[in-house]
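Peer 1: Sequential numbering of the sequence shown, starting at 7, is according to my numbering.
Honestly, the hints are just simulated from the structure, not real lab data. Only a predicted model underlies this, so the values are computations on that prediction, with no experimental measurement involved. Be a bit skeptical, because a hint or two may be false.
[Unchecked claim] When the alpha-carbon atoms are kept at most 25 Å apart in a straight line, the in silico BS3-like pairs for lysine-lysine are as follows:
#1 487 x 277
#2 185 x 274
#3 702 x 525
#4 252 x 597
#5 334 x 356
#6 294 x 597
#7 702 x 690
#8 161 x 125
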Amino acid sequence: MGFLLVLLLCFSVPSAINCDSVQNHERIEGENPNSRTIIDVEGGPDSVIWAVQLSDLHFSVFHPDRAVDFERLVGPALAVINPSLVLITGDLTDGKSEDLLTMKQNEEEWIEYVEVMEKVVKRSGLEKNIFYDLRGNHDNFGVPVVGGSFDFFSKYSISGGLRRSRNVNSVTIQSGGQKHLFVGFDSTMGVGLRGPTNLFGHPTEELLADIDIELSQWNSQSAEQVTKITFGHFPLSFSASTDTGKSLKDVFLKHSLSAYLCGHLHTKFGKNLKRHHWSGQHFLSLEKYFQLNIHQAPGGSAVGQQSCSEEAPSLNEFWEWEMGDWRKSRVMRVLAIDLGRVSFIDIDFKMGAKNTIILPTFPLDSRFMLMASSPHDYSCFGNLSSYENVRALVFSSLPIVSVVARIYDSRPGHLDMVMESPMRKHGNSTRGDLYTVPWNWRAFDDPSPDRFWLQIEATDILGRSTLSELRPFSINGIAAKHNWRWMEFLVMGCQWDALYYPILWSIFLFLFSILLVPKAVVICSKKQYTSHNFIVEKSFISGILWVLTDFCRVSVLWFGLLIYLLYLVFFPWGCGQVFTEGGGRGCMTIKGWVVDGPYERAEQSYIGYPDVMVVVFPHLCFVVLPAVLVMCALVAERAVYRLYFFSLSGKKEDDYVNQSLRSLTGYLGRGRSKFLCGWRLARKLLILFCLIIYWKHWKLCRALVGAYEMNPFLHFPGYCLPIPLLLAYAVYKTWRV
Numbered sequence: 007m008g009f010l011l012v013l014l015l016c017f018s019v020p021s022a023i024n025c026d027s028v029q030n031h032e033r034i035e036g037e038n039p040n041s042r043t044i045i046d047v048e049g050g051p052d053s054v055i056w057a058v059q060l061s062d063l064h065f066s067v068f069h070p071d072r073a074v075d076f077e078r079l080v081g082p083a084l085a086v087i088n089p090s091l092v093l094i095t096g097d098l099t100d101g102k103s104e105d106l107l108t109m110k111q112n113e114e115e116w117i118e119y120v121e122v123m124e125k126v127v128k129r130s131g132l133e134k135n136i137f138y139d140l141r142g143n144h145d146n147f148g149v150p151v152v153g154g155s156f157d158f159f160s161k162y163s164i165s166g167g168l169r170r171s172r173n174v175n176s177v178t179i180q181s182g183g184q185k186h187l188f189v190g191f192d193s194t195m196g197v198g199l200r201g202p203t204n205l206f207g208h209p210t211e212e213l214l215a216d217i218d219i220e221l222s223q224w225n226s227q228s229a230e231q232v233t234k235i236t237f238g239h240f241p242l243s244f245s246a247s248t249d250t251g252k253s254l255k256d257v258f259l260k261h262s263l264s265a266y267l268c269g270h271l272h273t274k275f276g277k278n279l280k281r282h283h284w285s286g287q288h289f290l291s292l293e294k295y296f297q298l299n300i301h302q303a304p305g306g307s308a309v310g311q312q313s314c315s316e317e318a319p320s321l322n323e324f325w326e327w328e329m330g331d332w333r334k335s336r337v338m339r340v341l342a343i344d345l346g347r348v349s350f351i352d353i354d355f356k357m358g359a360k361n362t363i364i365l366p367t368f369p370l371d372s373r374f375m376l377m378a379s380s381p382h383d384y385s386c387f388g389n390l391s392s393y394e395n396v397r398a399l400v401f402s403s404l405p406i407v408s409v410v411a412r413i414y415d416s417r418p419g420h421l422d423m424v425m426e427s428p429m430r431k432h433g434n435s436t437r438g439d440l441y442t443v444p445w446n447w448r449a450f451d452d453p454s455p456d457r458f459w460l461q462i463e464a465t466d467i468l469g470r471s472t473l474s475e476l477r478p479f480s481i482n483g484i485a486a487k488h489n490w491r492w493m494e495f496l497v498m499g500c501q502w503d504a505l506y507y508p509i510l511w512s513i514f515l516f517l518f519s520i521l522l523v524p525k526a527v528v529i530c531s532k533k534q535y536t537s538h539n540f541i542v543e544k545s546f547i548s549g550i551l552w553v554l555t556d557f558c559r560v561s562v563l564w565f566g567l568l569i570y571l572l573y574l575v576f577f578p579w580g581c582g583q584v585f586t587e588g589g590g591r592g593c594m595t596i597k598g599w600v601v602d603g604p605y606e607r608a609e610q611s612y613i614g615y616p617d618v619m620v621v622v623f624p625h626l627c628f629v630v631l632p633a634v635l636v637m638c639a640l641v642a643e644r645a646v647y648r649l650y651f652f653s654l655s656g657k658k659e660d661d662y663v664n665q666s667l668r669s670l671t672g673y674l675g676r677g678r679s680k681f682l683c684g685w686r687l688a689r690k691l692l693i694l695f696c697l698i699i700y701w702k703h704w705k706l707c708r709a710l711v712g713a714y715e716m717n718p719f720l721h722f723p724g725y726c727l728p729i730p731l732l733l734a735y736a737v738y739k740t741w742r743v
């Protein structure tokens with residue numbers, strides 16, 4: 007409230023783009039108006055434009071605080087920042103029940119969204135047509151037909167209200183003789199399944215062609231510099247390829263974007279969800295499946311060593327920048343383009359409103375520089391006048407009285423300040439405040455991309471000081487190395503569309519091997535692998551073969567698991583209600599869903615590939631595989647206990663058994679033998695593991711019941727019943743000697 011009161015007193019700060027300063031030119035193409043828009047930005051500063059990105063709002067009837075905070079914080083922030091564009095990259099509503107199991111459209115959430123956005127637009131003072139919202143997978147849960155009765159995005163979104171009906175829309179921001187092209191696209195699946203098997207982006211050949219056309223619209227005007235930005239909901243790691251193998255990455259590399267802005271992953275996997283892509287020649291075919299580091303190029307800087315000759319082949323590249331969510335993290339991004347150079351800052355509103363926001367626009371953060379074009383521009387462009395000033399955008403609800411730029415040298419082993427200079431406001435702009443200060447940039451030309459660090463400090467009229475984040479910079483364009491943590495690699499570095507089948511068949515191969523290889527050994531090999539072999543030889547291989555061959559002799563378990571695995575491969579796992587309301591039930595297989603009725607698509611036999619992996623992988627990895635291993639262990643435990651039991655019963659056995667008993671006692675020792683075998687401690691632990699598997703299996707079945715209105719005994723008995731029954735039989739069968 008204090009921030010709002012101060013804001014009302016500071017009318018000197020411009021809060022809107024005047025109607026006279028923005029000229030909106032619409033190009034009509036066939037029956038699709040507003041597919042292309044041009045905005046001429048006036049009021050200065052001419053060298054830089056900026057936009058705001060928000061993502062994953064997840065407005066929910068069960069969590070009203072998300073919408074309340076959005077209205078309270080975003081409206082005033084947009085009034086202060088005064089962007090040329092506001093991009094909302096998907097998941098506008100949550101579409102989940104209170105127990106998080108049922109995922110389908112909820113009209114109440116959409117009504118809340120449209121009401122809040124109307125208030126935010128009004129409070130920000132911005133023109134409504136600069137807001138571009140996109141459909142995310144949550145906005146597509148259970149939507150059978152785009153434009154149908156459950157397609158609330160078309161009915162309630164800003165883009166729907168402005169008749170941006172195409173899957174691809176572009177807007178060009180013109181300022182100071184430069185063009186900045188933004189292309190947004192909707193790659194959600196055409197037939198929207200309920201969650202959770204609605205996780206991936208599904209670009210079609212037609213969508214890729216439309217994106218290609220939009221990105222090419224200014225190519226004929228080669229004399230003008232065009233900075234290209236795309237924005238969508240899904241990261242490329244969660245975007246499927248088309249039937250012909252084409253991908254969004256192919257189109258983006260063709261046009262050498264500056265950046266692709268996306269959301270979807272939130273911040274629970276990490277805050278460093280960024281990835282560099284380039285078109286260099288790769289020797290490892292594994293790069294189709296995963297990228298080990300943020301920078302695709304090895305060594306971080308080698309790609310920048312290019313010839314300045316016009317005949318030299320260009321190296322296309324772009325950055326992929328996923329941003330945090332509003333849902334829990336309350337994050338907003340400000341992105342600036344200063345003379346073709348792109349920079350950004352992510353603002354955290356969890357602690358409340360921000361009085362001052364600082365975004366350095368030059369020199370660039372060396373961790374997120376374009377690795378080919380930046381050193382090429384430094385080495386090959388004769389005009390380096392843009393290097394002569396340190397520049398930063400400062401947005402504040404109060405008048406700023408001083409801005410200071412500081413540069414630190416990290417070579418001594420600590421940060422040693424080597425430059426401190428006051429910055430001055432550039433011109434008399436009415437859109438925002440750009441501060442600059444001249445510097446001897448050649449003094450900071452260093453082969454180390456993270457030796458020098460930049461920080462800006464701004465002080466407002468009340469004496470409150472705000473510091474920008476310390477950022478490494480590199481004048482000569484050499485990019486600094488920046489690594490993922492393992493969770494960040496998992497969601498950004500792995501191309502799950504390409505990995506799904508290799509992982510799936512590897513799991514099945516392992517499971518079938520456990521069953522078929524020991525069976526073949528029993529049938530074909532003359533050597534008998536028993537507990538005696540393992541105890542005497544102390545060989546790991548002998549132990550594995552003993553356990554597996556003993557298991558395959560329990561016919562009910564062996565044949566039951568074999569039939570169950572074959573069922574999982576060749577037959578549907580279950581059928582469920584895949585749309586919000588009405589419509590036929592779909593059948594889920596390892597390849598995706600088969601949907602009958604009016605929603606069936608002749609050109610696509612299976613819907614939801616590889617989205618179905620969120621059901622397939624947990625069941626195979628956390629239920630089937632552990633169950634098989636526990637069953638084998640139960641059979642092995644019984645064999646060991648038999649030896650111990652005979653040693654206590656006083657029964658006369660043949661020399662082979664007596665030798666095994668002596669070997670067992672010698673191997674374990676008498677005390678350990680009694681502790682482990684006499685009390686059957688291993689069996690008790692295995693039964694505990696069985697209970698854990700039951701619990702995990704129950705959770706997965708419960709999730710499917712809630713998500714797709716399934717009855718376990720009617721709609722997916724082949725999925726939910728065999729494993730519990732086989733585990734129960736294994737416990738019973740191994741109880742007695």
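Peer 1: Give a verdict on every hint.
Peer 2: So, going through the hints one by one against the coordinates:
1. A distance of roughly 16 Å separates the Cα atoms of residue 487 and residue 277; the hinted pair therefore holds under the 25 Å criterion.
2. At roughly 36 Å between alpha-carbon atoms, residue 185 and residue 274 are farther apart than 25 Å, so this suggested pair is violated.
3. The suggested pairing of residue 702 with residue 525 is violated, with an alpha-carbon distance near 29 Å, which exceeds 25 Å.
4. For the hint pairing residue 252 with residue 597, the CA-to-CA distance comes to about 19 Å; that is within 25 Å, so the pair holds.
5. The suggested pairing of residue 334 with residue 356 holds, with an alpha-carbon distance near 8 Å, which does not exceed 25 Å.
6. As the CA atoms of residue 294 and residue 597 are separated by approximately 20 Å, the hinted pair is consistent with the 25 Å bound.
7. Among the hinted pairs, residue 702 with residue 690 is consistent with the structure: their alpha-carbon atoms are about 19 Å apart, no more than 25 Å.
8. Of the pairs offered as hints, the one joining residue 161 and residue 125 holds, with about 18 Å between alpha carbons and a cut-off of 25 Å not exceeded.
Consistency with the previously given hints fails for numbers 2 and 3, ordered from lowest to highest.
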